[in-house]
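Number of protein chains: 2
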Amino acid sequence: MSSTSTKPPAGTRDFLPDEVRRREHVIRIVRQVYERYGFEPLETPAFENIETLLGKYGEEGNRLIFKILKRGEHETSGEADLALRYDLTVPLARVVAQYQNELPRFWKRYQIQPVWRADRPARGRFREFYQCDIDAIGSTSPAVEADVIGAVCDVLGQLGFEGFSLRLNHRLVLSGLLDAAGVPPPQHSEALVALDKLDKISAGGVRAEFVTRGIDGAAAERCLASFEVGQAERPDDTLRRLRSALGEQDAAVGNLQSIVTLAAHTAAAGRIRIDPSLARGLSYYTGAIMEIAVPDLAGSLGGGGRYDNLVGMFLGRDVPACGFSLGLERIIVVMTERGMFPAKVGGAAVDVMVTMWNEDSRAEGLALAAELRRDGLRVDLYPEADKLGKQLKYAAGRSTPFVAILGDDERAKGMVSIKDMRSGDQHTVARGEAAEHIRSRRQ
Amino acid sequence: MSSTSTKPPAGTRDFLPDEVRRREHVIRIVRQVYERYGFEPLETPAFENIETLLGKYGEEGNRLIFKILKRGEHETSGEADLALRYDLTVPLARVVAQYQNELPRFWKRYQIQPVWRADRPARGRFREFYQCDIDAIGSTSPAVEADVIGAVCDVLGQLGFEGFSLRLNHRLVLSGLLDAAGVPPPQHSEALVALDKLDKISAGGVRAEFVTRGIDGAAAERCLASFEVGQAERPDDTLRRLRSALGEQDAAVGNLQSIVTLAAHTAAAGRIRIDPSLARGLSYYTGAIMEIAVPDLAGSLGGGGRYDNLVGMFLGRDVPACGFSLGLERIIVVMTERGMFPAKVGGAAVDVMVTMWNEDSRAEGLALAAELRRDGLRVDLYPEADKLGKQLKYAAGRSTPFVAILGDDERAKGMVSIKDMRSGDQHTVARGEAAEHIRSRRQ
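Taken in order, these protein sequences are the chains called A and B.
For the first sequence, this note's numbering begins at 187 and goes up steadily by one.
For the second sequence, this note's numbering begins at 187 and goes up steadily by one.
Source of the hints: derived by calculation from the structure; they are not laboratory data.
It cannot be assumed that every hint is accurate.
Put simply, identical chains are the same to the list, so a pair is met inside one copy or across any two.
Stated by the list, open to error - Here are the simulated DMTMM-like pairs of lysine to aspartate or glutamate, each with C-alpha atoms no more than 25 Å apart in a straight line:
{"#": "1", "residue 1": "K573", "residue 2": "D594"}
{"#": "2", "residue 1": "K193", "residue 2": "E288"}
{"#": "3", "residue 1": "K256", "residue 2": "E245"}
{"#": "4", "residue 1": "K576", "residue 2": "E221"}
{"#": "5", "residue 1": "K193", "residue 2": "D504"}
{"#": "6", "residue 1": "K193", "residue 2": "D267"}
{"#": "7", "residue 1": "K256", "residue 2": "D305"}
{"#": "8", "residue 1": "K256", "residue 2": "D273"}
{"#": "9", "residue 1": "K573", "residue 2": "E550"}
{"#": "10", "residue 1": "K193", "residue 2": "E265"}
{"#": "11", "residue 1": "K386", "residue 2": "E259"}
Values in this document were obtained by computation on a predicted structure and should not be read as measured data.
Next up, chain A with everything else stripped away, as it sits in the complex (with noise of 0.2 Å):
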């Protein structure tokens, strides 16, 4: 049995307490400023039936898909009748469609939980990860995208990020350029495809692209003239550009002025940049849609959009809806990578560890501790009779800032000693008193 390996699942992590300490970091900001914004939690379970799932992500999702066999007798047909959640999108979608009598009209609710993808592990690729939703229900407003692009823009404001822009485009701005440009709507989705990678592959790649997929060369170049955007270019700019493309009444150019002119009144003020190039892989979206992108990180720290028939797939009724989805793990790569955590979130365990000196003052040591604990501090208990220096040592290599001995001199008075570990200074102070020593010499 020893043989087997002890290693994580391919795709997955094991969080030792450190990294624990910075997930729980990042999500205590997102979820204290998505409920600023008035979004309430909802959870999921981790598993869907499988039909709620299947056909909502297009092919790729469905392969990707982590099925969970029958059970019982069951088991042996190898057949799956669950699945694990693959967003928190789909089951917001049922959730609204099966509580729609309990919820308010407008429904405004955040979701933080992991997701999972059987796709090929890779660096910075994970087959389990966290999203964190927010999504507002129930209105066509252009004041639910500006409201739902200031929350996100927030949170990651408060994480600590500068520099970052919220890329935004509309769907049928998409189409609209492509008719424009003369590419046949069967071809569309061929085109977008190519037309996504453009900040990856630049216009060069993006024409190949064109050729293999067997789009027509002149339209190619006229979508890549309409799609191209100066990484300067005021949003005013480009709105107007795509007026002159699609004419001055074009109702997806005006949803995204309206988006842009109330996003100014947000914390999303100066970070927007149109860009009609923008596509996003999901195809539920069916109005404005959105990116977060960084410098100097491939990829977007999330995105999300408006998507008015998803809910009405479950439903039999169209209701309204718009969300963003910010990728926990994305996230921390690079609050890592940039030093961004601030120094308390990897701050030691315990405040204090109570040494045990020999048998006889181990009940002495639980009641020592448990005074402390009442205080509020965080205690350890060293759980042997070990010798003092080893006890010191292995404190000092846990960096726990005090130790406190109960020696036999310190139990006949009813003292205690506490040792600060950074400065090496010891104080034998009376039992009532040692909680408030530790706490005035905390940093």
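Once you've looked at the hints, dock chain B against the given chain A.
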């Protein structure tokens, strides 16, 4: 597509906002107390390689594990290579083996994550449920058991539980008593299954079970005599009886005596009841075993014990360990039934809702919301320009305590009207004073 069921899968639940808040309240307290005891957070993947789990939980366990189908070209084999986490203890043992060189010699970890068991769903029994585990690795000292028991009792005390008790026993006391009663070792496990039901089906029922299971009548009577303990019996009296049955020098009884003596100095003081009939289902326990009993609740809020051989199944050499698992769902069931949640846990999602006066006021509404959020308030924004009465009704329906009205008059003067939805009072204040106005009137 609208015929897809929108219910969550059998045995699982969606947690709407109020329920998530109740769960978060409990988890926050559990985590805080665990950290005061020096336990550090660990998280492991939702699924493990299937061979990590198989053979660890007995035959029933193997049957109840959710198995994940192989992917890609292997999907059609109908075989599973992964399985959902069944408890938090086996993954911990794997982690201890994998990271032995990075972990401290005495490692105390907590882990609060869901586990999945394909049990038949029933009232209060779910297929997805959370465990809140603590485990102390590396020492055989009875101070470890005392510390673990203290932490668990402290958690329950902080949550507001009263009148609970901690049933304590020892695996070797169990087998010693069965030996002394004349039950031959091959029949021990049969006898334990029967005895485990003593608090559910009383002595008469257990007597009948013994007969069914082919255990000698006289031995059965001796068993029952030594296992029955009066509800009010003090631990020292039970220990005295055990010593007279098993010998003054019995090591297991001595270990229980040490634990009881030490735990009297912890938050478990006065809670412990030695119960020689306590068996605990899982087969990996090797020493002390324990369970939390609450009056009027069938079953327990959690249980644990010492398991000195489980890590060895992964590592090849044994590492002593002792832990306890609290069941989140059972805690919440009892707290809900007894009205133990503080009122604030069910409070409003936001502090104030900004109304939308007309299309022109949208941008200013977003700007006001941004100001109030910067001040730390939780702010919702009504997204459409409906009649004010409708917006107020919506806010009242959501128990929103304050509504901010930015009418044409207010906007012209740089003011905002704040309506207290509980008293009906309305004050017009300068925009810059709105946050303070709300904060000072909030409960």
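Hint-by-hint comparison with the structure:
In the homo-oligomer, the alpha carbons of K573 and D594 lie at most 25 Å apart inside one protomer (14 Å), although the nearest pairing across protomers, at 77 Å, exceeds that limit. Taking CA atoms no more than 25 Å apart as the test, K193 paired with E288 passes between copies only; the shortest distance there is 14 Å, against 44 Å inside one copy. When the C-alpha separation of K256 and E245 is checked against a cutoff of 25 Å, the pair qualifies both within a copy, at 23 Å, and between copies, at 18 Å. For a Cα distance limit of 25 Å, the shortest separation of K576 from E221 across copies, 24 Å, qualifies, whereas the shortest one inside one copy, 47 Å, does not.
Taking the closest pair of Cα atoms, K193 and D504 come within 25 Å of each other only across two copies (18 Å); inside a single copy the shortest separation is 45 Å, beyond that limit. In this homomeric assembly, K193 and D267 come within 25 Å of each other (Cα to Cα) only across copies, at 14 Å, whereas the closest approach inside a single copy is 28 Å. Proximity of K256 to D305 under the C-alpha cut-off of 25 Å is found in both arrangements, the shortest distances being 23 Å within a copy and 13 Å between copies. In the homo-oligomer, the alpha carbons of K256 and D273 lie at most 25 Å apart both inside one protomer (22 Å) and across protomers (20 Å), since each shortest distance falls under that limit.
In this assembly of identical chains, K573 and E550 lie within 25 Å of each other by CA distance solely inside one copy; the values are 18 Å within and 68 Å between copies. In the homo-oligomer, the alpha carbons of K193 and E265 lie at most 25 Å apart only across protomers (21 Å), although the nearest pairing inside one protomer, at 28 Å, exceeds that limit. With identical chains, the CA atoms of K386 and E259 are never at most 25 Å apart, being 50 Å at best within one copy and 31 Å at best between copies.
Violated hint for the displayed structure: number 11, the only one.
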